[in-house]
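J.: Each chain is listed here by its residues.
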Amino acid sequence: MHASLTVRAALVSLLLLGLGLGAWHLAVARSGPAVKMDPEYAKLMGATATQGKSAMPGPGEVGAKIWQHLRDPFYDKGTNDKGIGIQLAYSIARVMTGYLLAVAVAVPVGFLIGMSPLMSQALDPFIQVMKPISPLAWMPLALYTIKDSSISAIFVIFICSVWPMLINTAFGVASVRKEWLNVAKTLEMNPVRTAFRVILPAAAPTILTGMRISIGIAWLVIVAAEMLVGGTGIGYFVWNEWNNLSITNVITAILFIGVVGMLLDQVMAYLQRLISYAD
Amino acid sequence: MAQALLLRLRRGDAGRDKAARRDTRGIHKGTVMSFKDPFDPANTLAHSCSCGEHESQAAHDAAVVDSTDKRYERVVQSAIVRAMFPQDAQRRAFLASVGASTALAAIAQFFPLGMATEALAQAQGAPEKKDLKVGFIPITCATPIIMAHPMGFYAKQGLNVEVVKTAGWAVIRDKTLNKEYDAAHMLSPMPIAISMGLGSTAVPFAVPAIENINGQAITLSIKHKDKRDPKQWKGFKFAVPFDYSMHNYLLRYYLAEHGLDPDTDVQLRSVPPPEMVANLRADNIDGFLAPDNVCQRAIFDGVGFNHILSKEIWDGHPCCAFAASKAFIAEAPNSYGALLRAIIEATAYASKAENRKQIAEAIAPATYLNAPVTVLEQVLTGTYADGLGEIKKDPNRVTFDPFPWESFAVWMLTQMKRWGQIKGEVDYAGSGKQVFLATDATKLMKEAGFTPPPATSKTFVVMGKTFDPAQPEDYIKSFAIKRT
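In order, the protein sequences belong to chains D and P. The first sequence runs 1 to 279 under the working numbering. The second sequence runs 1 to 484 under the working numbering.
If we strip away everything but chain D, and leave its shape as in the complex, we get (with noise of 0.2 Å):
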């Protein structure tokens, strides 16, 4: 009953892509009536002028497009031009860089916050505040202060990173049950030993809940900073083509970062079934 489940999911699956890409096939298939232009003129206009062709490509246009980027994906014709390959690894290089500082700084505080409730409601306060900030507002200031357009994107996903972990470190640490730290407390653990031997591995799972949300959160804004300083990253493939208007290129890229994304919740869906624990 389980396998049959599977497939028929997969069946079904495969059944909305169908008619998804049919119904985009066929909203965008109908060419308006061919304007009547002359030759020299028309030889000066574009496709959508001239054949009253939708501006939006069609599933068949994107494939292409797609089965061409994945043919030469590393590809470099000078500063501004690199296969696509080259710029999803700028950008994940950025999120991972940005990422761990992120690990680094909100698992500790977070473990201040969740063992004393004094820090906790001191520094309520300016989590509350800070938490609900958009990520990108930030950016102008980064750019100004920093003087540096790739450390102020890095810094960026830091900060958009750094809130969901410190949470729910906070939050795990905070609710390990009282009978194991009074277990701990009776055998004589110091203080650190307890961190790390009970809490540690008991907040594990809620700490690396927070981590997956955090990737999530740090993907979706590393195309919206890389948009705006440019150079490098797929953000930046986005606003370039978006520069060239040219819809089947972003449509691709689109895809691509949906892909990228999945793989990196996956990887983290995998880190966290292999520290969880049934009570």
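The hints are simulated quantities; they were obtained by calculation from the structure and are not laboratory data. Just so you know, these numbers come straight off a predicted model, no measurement behind them. It cannot be assumed that every hint is accurate.
Straight-line distance between alpha carbons at most 27 Å, and here's what the computed DSSO-like set of lysine-lysine pairs gives [unchecked claim]:
(1) P:K129 <-> D:K147
(2) P:K223 <-> D:K53
(3) P:K156 <-> D:K77
(4) P:K393 <-> D:K43
(5) D:K53 <-> P:K129
(6) P:K393 <-> D:K147
(7) P:K433 <-> D:K77
(8) D:K147 <-> P:K223
(9) P:K156 <-> P:K446
(10) P:K231 <-> P:K311
(11) P:K231 <-> D:K77
(12) P:K433 <-> P:K482
(13) D:K43 <-> P:K392
(14) D:K77 <-> P:K129
(15) D:K43 <-> P:K352
(16) D:K36 <-> P:K130
(17) P:K227 <-> D:K36
(18) D:K147 <-> P:K326
(19) P:K133 <-> D:K43
(20) P:K392 <-> P:K225
(21) P:K231 <-> D:K43
(22) P:K446 <-> D:K147
(23) P:K225 <-> D:K36
(24) P:K393 <-> D:K36
Put chain P on the given structure of chain D with help from the hints.
T.: Positioned in the frame of chain D, the structure of chain P alone reads:
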């Protein structure tokens, strides 16, 4: 080369000057441009080449082949001969007594003319910093900055320049202020605004060279094709690229001349150029005064039509500029000089109509403008579809002229004051001189063998009204619609 030197020795100064004019294609005729335009109707057509000084195009081409190298040769030769014979009479006497060929042989023997020429071209002082970053916005205004990369103008000056595409005007400003870029493509009013601290911290900036003149247009949504009279535009939403842009000032000027108050009768928005066509298609705006290739792209995609070219508002207006901070100029004067020479030479090359097709192809790839070649060709050659079914021809649709006239800056300051961007007393002439480095450009153009204009300021006409840079306050007072 030997022939050329002999000829020059015989002809003396007058001949030398004439040769200089010929080699740079009759640069500087009149005051409008410092690169003479071969399609200018005012030019005599008695001669049948594009500069008007040769009998045929073939003779002209023969004379201008490799014109950069020739210019440097000439600079070196005239410097040597002038140094040897400071007085004209002496030189003539010497040449008459020994004969010009003997004179040349004698000079060539003890002075390595070829090496001196190379040295001058290569390094007027070695650049302090060879790896430079120059930011640009992907529009045709940036043509000289961009094309200098694929066409080797930077490399020729011994520079390794990386041209970096940038997302918008505020970002290019911040990255240049951050010193991530050594120099950048900016809208020509931006360095004035930055120097005055408008919209950023005040940092002294300079415009050593203008890039393009003309080359913008008012594009309207195709649904407004019957509303060609600006008086019907009440309530329209227009986009301009940036607050401190010629586009903003020209559109405001144009609207105000037609009795529309740009602040109350219409809505003006700052929109990055790439978003303009998308917004026009989505009906969020009714039109824009924007840089090309955006205007032609709207026509190409069938969403807009050309109302007027910006040259119909002010023929010869500056648009974008090559800008650098004064700190960079002071810290790396030789790098700056080399960079500027590359830009001036690229601009000179771009000013020639016959090079434009080649340039369009060089700057179209994804790493530069990332735009269809057809669109760029229409912009650069001036033979374009107007969006209403006609092919128009205007070779001056966009042209390139590096000379940063101080009066351009003064005009921009008057408009900043007129629209309330700056308040109180303005030192028009002083600010203009500080930012627009016309004197430096004169010196540099001379060194590179070009003929700069004789003055650093000039009057010009905007929509039939003459602007006198000496009377900026009176000029502002003469407008009916203003914010002062």
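J.: The structure should be examined with respect to each hint, and the outcome stated for every one.
T.: Verification of the hints:
{"no.": "1", "hint": "P:K129 <-> D:K147", "verdict": "holds (20 Å)"}
{"no.": "2", "hint": "P:K223 <-> D:K53", "verdict": "holds (18 Å)"}
{"no.": "3", "hint": "P:K156 <-> D:K77", "verdict": "holds (21 Å)"}
{"no.": "4", "hint": "P:K393 <-> D:K43", "verdict": "holds (15 Å)"}
{"no.": "5", "hint": "D:K53 <-> P:K129", "verdict": "violated (50 Å)"}
{"no.": "6", "hint": "P:K393 <-> D:K147", "verdict": "violated (46 Å)"}
{"no.": "7", "hint": "P:K433 <-> D:K77", "verdict": "violated (40 Å)"}
{"no.": "8", "hint": "D:K147 <-> P:K223", "verdict": "violated (45 Å)"}
{"no.": "9", "hint": "P:K156 <-> P:K446", "verdict": "holds (18 Å)"}
{"no.": "10", "hint": "P:K231 <-> P:K311", "verdict": "holds (20 Å)"}
{"no.": "11", "hint": "P:K231 <-> D:K77", "verdict": "violated (49 Å)"}
{"no.": "12", "hint": "P:K433 <-> P:K482", "verdict": "holds (25 Å)"}
{"no.": "13", "hint": "D:K43 <-> P:K392", "verdict": "holds (14 Å)"}
{"no.": "14", "hint": "D:K77 <-> P:K129", "verdict": "holds (24 Å)"}
{"no.": "15", "hint": "D:K43 <-> P:K352", "verdict": "holds (24 Å)"}
{"no.": "16", "hint": "D:K36 <-> P:K130", "verdict": "violated (55 Å)"}
{"no.": "17", "hint": "P:K227 <-> D:K36", "verdict": "holds (23 Å)"}
{"no.": "18", "hint": "D:K147 <-> P:K326", "verdict": "holds (18 Å)"}
{"no.": "19", "hint": "P:K133 <-> D:K43", "verdict": "violated (37 Å)"}
{"no.": "20", "hint": "P:K392 <-> P:K225", "verdict": "holds (16 Å)"}
{"no.": "21", "hint": "P:K231 <-> D:K43", "verdict": "violated (34 Å)"}
{"no.": "22", "hint": "P:K446 <-> D:K147", "verdict": "violated (37 Å)"}
{"no.": "23", "hint": "P:K225 <-> D:K36", "verdict": "holds (18 Å)"}
{"no.": "24", "hint": "P:K393 <-> D:K36", "verdict": "holds (22 Å)"}
When each numbered hint is compared with the structure, violations occur for hints 5, 6, 7, 8, 11, 16, 19, 21, 22.
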